[in-house]
Amino acid sequence: MNGTNGSSPLHGAYPPRPPSEFRVTRVVGQDAILVAWSPPEDRQGITGYQLYVNDALHSQVRKPERTKALLNNLRLWERKSVPANLKVEIRSLDPTGKVLH
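First residue of the sequence shown? That's 1 in the UniProt record's numbering, and the numbers climb one at a time after it.
In case anyone wonders, no lab produced these hints; they're calculated from the structure. Check before you lean on any hint, since a few could be wrong.
[Stated by the list, open to error] Okay, the calculated beta carbon distance ranges per label pair:
(1) GLN60 to SER38: 16 to 24 angstroms
(2) THR96 to ARG75: 28 to 36 angstroms
(3) ASN85 to ASP42: 17 to 25 angstroms
(4) ARG75 to PRO95: 16 to 24 angstroms
(5) ALA36 to VAL99: 31 to 39 angstroms
(6) ASN73 to ASP42: 27 to 35 angstroms
(7) GLN30 to GLU65: 18 to 26 angstroms
(8) PRO95 to GLN30: 36 to 44 angstroms
(9) LYS87 to ARG43: 21 to 29 angstroms
[Said to hold, decoys possible] In the DSS-like style, the derived pairs of lysine-lysine whose C-alpha atoms are separated by at most 30 angstroms in a straight line are:
(10) LYS98 to LYS87
(11) LYS98 to LYS68
(12) LYS87 to LYS63
(13) LYS98 to LYS63
(14) LYS87 to LYS68
Note that beta-carbon positions come from the ideal geometry of N, C-alpha and C, so glycine has one too.
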């Protein structure tokens, strides 16, 4: 039991977990990387993902069932170590477009 009225918590009342196993799977040419991830076990409430490169929003995936994305225009030829010096992150989106974590 939880709360003052004795009710149990609602399913989906908390944001779902982030995707797991996020990784760069390969470098594509001199300008892009392919990333992949495993969706969270509970996908309820996820409508897509945002992908960030070096803390800046790079692109959005609008289909929650997708688990791969190509990130291009990264100017990899200017970097000494690819992709070691790139900070790449993924975040889940809810139906309003709000980042869940």
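Against the structure, the hints:
| no. | hint | in the structure |
| --- | --- | --- |
| 1 | GLN60 to SER38: 16 to 24 angstroms | holds, 19 angstroms |
| 2 | THR96 to ARG75: 28 to 36 angstroms | holds, 33 angstroms |
| 3 | ASN85 to ASP42: 17 to 25 angstroms | violated, 34 angstroms |
| 4 | ARG75 to PRO95: 16 to 24 angstroms | violated, 34 angstroms |
| 5 | ALA36 to VAL99: 31 to 39 angstroms | violated, 20 angstroms |
| 6 | ASN73 to ASP42: 27 to 35 angstroms | holds, 33 angstroms |
| 7 | GLN30 to GLU65: 18 to 26 angstroms | violated, 30 angstroms |
| 8 | PRO95 to GLN30: 36 to 44 angstroms | holds, 37 angstroms |
| 9 | LYS87 to ARG43: 21 to 29 angstroms | holds, 25 angstroms |
| 10 | LYS98 to LYS87 | holds, 21 angstroms |
| 11 | LYS98 to LYS68 | holds, 21 angstroms |
| 12 | LYS87 to LYS63 | holds, 23 angstroms |
| 13 | LYS98 to LYS63 | holds, 15 angstroms |
| 14 | LYS87 to LYS68 | holds, 17 angstroms |
The structure fails hints 3, 4, 5 and 7 (numbered hints given earlier, in ascending order).
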